[in-house]
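Student: Sequence:
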Amino acid sequence: MRDTFRFSVATLTYYWRRSLLLMLCVAMAVFVPLTPYLLVGRAASTLEQRAISTPLMLAAAGSKTDVILSALYFDGRKHTLMTMGEVMAVDRKRAKAIPLHMRFSSSGTAIVGTTEDYYKLRALQLEDGDFGERYGDCVVGYNAARRLQVSPGDFLSSDPKTIFNLTADYPLRIRVTGVLGPSGSPDDDVVFVSMDTAWIMDGIGHGHFQQPTQGDSPMQDEPSHVANPIGSATEKLHLEITDDNIESFHFHGRRSDYPVTACIIVPEDTRAETLLIGQYAARSDGNVMVVEPLRVVRRLLASVLRIRNLVISGLALVTVACMLLVVFVFLLTFRLRQNEFDTLKKIGASRIQVFGMIFWETGLVLTTGASLGITLGLLTGRFDQIILRWII
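When the letters of the sequence shown are read in order and numbered with the working numbering, they come out as residues 76 to 467.
None of these hints come from the bench; they were simulated from the model. You may find that some hints are simply not true.
[As the list claims (entries may be wrong)] Pairwise CB distance ranges, derived in the manner of DEER restraints: (1) Thr155 x Ser378: 39 to 49 Å; (2) Asp141 x His325: 28 to 38 Å; (3) Leu399 x Thr349: 55 to 65 Å.
Think of the CB as a built atom: it goes at the ideal place given N, C-alpha and C, for glycine as much as any other residue.
Let the sequences and hints guide you as you build the complete structure.
Tutor: Rendered as structure tokens:
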């Protein structure tokens with residue numbers, strides 16, 4: 076048996092080009108259907124885990140799918156805003172309400188306004204710096220910090236909502252005070268600010284500064300509703316909140332009227348959750364709705380998994396075709412090597428030994444190729460977040 080195995084290895088080594096080609100064919104036949112199975116499975120598991128950690132969501136009436144995708148995964152979808160009054164109306168004895176504000180971005184990276192309770196809910200930890208305590212501070216997700224190349228002490232500017240009228244929308248220059256550690260979730264790819272900072276970007280809050288002029292002008296002491304513009308009076312590039320002007324910042328209007336994109340609701344227990352769902356379902360105005368993220372995500376995943384199974388079924392046919400091709404090549408090779416087998420029999424090899432060599436050659440090619448395909452599939456699964464982000 077040992078001699079038969081050594082002879083088979085020597086044969087495969089001698090015909091290494093043919094052996095390598097067959098192994099690669101087998102590897103691809105295993106890798107191609109395995110990869111979408113692993114990627115979709117891991118993505119589904121990640122989506123479900125995030126939905127499970129978010130019991131309920133409150134949002135303006137509309138598409139539940141849009142609310143979930145924008146508020147849980149920060150995919151940039153626009154949704155009708157509700158007011159802070161709806162968040163404040165949540166019964167604090169039954170649940171904790173965590174508002175979210177998602178209307179702005181920095182260099183294409185979403186800026187999410189929220190409260191400290193959000194960090195506790197997601198178990199987000201700082202890798203460097205601190206959370207900051209004043210207006211204009213932000214903490215950056217792990218991936219976003221590397222993409223934007225920032226660290227504590229650096230600054231980011233919010234993207235203007237319109238490029239056609241810069242005077243109507245001043246970008247805010249925000250100070251990076253901390254970088255979050257990797258969490259393997261969408262939180263790694265966004266910038267977090269306080270709700271007050273987000274409302275300042277909205278123009279609801281602002282500060283005053285002394286208009287820079289030359290000479291004794293009667294306008295010299297006239298305050299302007301702009302917070303420390305960088306540049307001249309005619310070239311206001313962006314706003315910045317500093318220690319010198321932060322005391323002048325204030326907000327207009329009632330806080331209950333301030334805009335909120337969505338609100339995460341964390342009930343105290345199952346009974347409180349049921350009562351909250353019933354409470355909002357019974358409302359007659361229909362301005363807001365309660366969403367159960369897990370139910371919405373599972374409905375989405377059901378469609379995705381059906382498509383995955385259809386794709387894998389098609390790829391399985393490709394796998395069968397590849398394996399038939401490998402078998403055909405083996406049969407053709409053994410037929411061409413008939414004289415070699417006859418010579419082995421003449422010098423004393425038995426029929427069983429010849430079949431043993433054929434078995435080992437075939438088994439080694441199939442086993443090595445399948446192992447290579449499985450290894451590539453598992454390696455692809457380890458980098459699923461990067462691959463999915465690149466595909467999307």
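Student: For each hint, tell me whether it holds in the structure or not.
Tutor: For each hint, the structure was consulted:
Under the hint 39 to 49 Å, the C-beta atoms of Thr155 and Ser378, about 24 Å apart, miss the expected range. A C-beta distance of roughly 34 Å is found between Asp141 and His325, which places it inside the suggested range of 28 to 38 Å. With their beta carbons about 57 Å apart, Leu399 and Thr349 fall inside the hinted range of 55 to 65 Å.
Checked against the numbered hints given earlier, this structure breaks only hint 1.
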